[in-house]
Amino acid sequence: MLRVVLCNCSPNESKELARTLIEERLAACVNILPSITSCYVWQNELCEEEEHTLLIKTTDKRYHAMKERLEELHSYDVPEIIALNTDDVLDSYARWAHEQTS
Amino acid sequence: MLRVVLCNCSPNESKELARTLIEERLAACVNILPSITSCYVWQNELCEEEEHTLLIKTTDKRYHAMKERLEELHSYDVPEIIALNTDDVLDSYARWAHEQTS
Amino acid sequence: MLRVVLCNCSPNESKELARTLIEERLAACVNILPSITSCYVWQNELCEEEEHTLLIKTTDKRYHAMKERLEELHSYDVPEIIALNTDDVLDSYARWAHEQTS
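Chains as they are written, first to last, in this note's numbering: chain A, 95 to 196; chain B, 95 to 196; chain C, 95 to 196.
Just chain A, with the same shape it has in the complex (with noise of 0.2 Å):
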């Protein structure tokens, strides 16, 4: 089955991570939200912050090592990774994308 990854980043590596996981097969496709405010606390302070939310759509199969990747290629210590559950995709989708990154 297809993982949609969620992961926030700065809007200056948005790209350069998305060519990256794209480039080593490690996703199928990664989708830049762009203009996105993001509200958390940080060492006790709120912050309202602009990111881009990255939705990255990998394999079962490739999601470990693409999340290990990604990781690694972060500017954050600690970044969103989270794996969201799917339900059902479209049969050619889930093969093209088994096909992008095998």
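None of these hints come from the bench; they were simulated from the model. Fair warning: this is a prediction, and the values are worked out from it, not measured in the lab. A couple of the hints might just be wrong.
Copies of the same chain are indistinguishable here, so a pair counts whether it falls within one copy or spans any two.
Below 25 Å or equal to it, Euclidean Cα-Cα: the simulated DMTMM-like pairs (lysine to aspartate or glutamate) are [to be verified]:
#1 Lys155 x Glu139
#2 Lys155 x Glu110
#3 Lys109 x Asp182
#4 Lys109 x Glu193
Following the hints, put chains B and C in place on chain A, whose structure we already have.
Here is chains B and C on its own, set in the frame of chain A:
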């Protein structure tokens, strides 16, 4: 239960796809996320295309009819149609979504 | 485990909702996705409204308290609050999220 379905499309077809799914009672709500950059390889070339991401909210009961119609309407040969697993939904929203799709 | 919760709201309340959930330690992080077009039928009319989508990251333990508070704060009578099933989370991020919400 409800399903949240991800689908990417070209910017000029997002509204038409969303309206048709709503008017044909195949989805209760469709959010269109604009200005998405999608990275993927197509015919051995790294592509970075502008797309819109559709977040489609439908029910288990209507999902397969929605998926079939979306594939039919979509301009791509191999559209991304991925159903995410939902864990919990606000009761009043779930009732509303079922009413909109029955 | 963590939960990713989807909620749409009007543009003028997104920051207030996000800040309150974070300050009351009901969520570790809230991403605000701007300029969303939402299509749905309300009182038999097809609506296409500008909304913001909130991507709320919280824990299983805090989810129900967060859901209750969000419904209370939200300006809609029937807000969309949908919890997505997560499959895997980077350990360091999961630890951070639990610390932020305990």
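Outcome of the hint check:
1. Lys155 x Glu139: Answer is between; shortest inter-copy Cα gap is 23 Å, intra-copy 39 Å.
2. Lys155 x Glu110: within (23 Å within a copy, 35 Å between copies)
3. Lys109 x Asp182: between (28 Å within a copy, 24 Å between copies)
4. Lys109 x Glu193: Classified as within; 22 Å inside a copy, 31 Å across copies.
Hint check: no violations occur; every hint is consistent with the structure.
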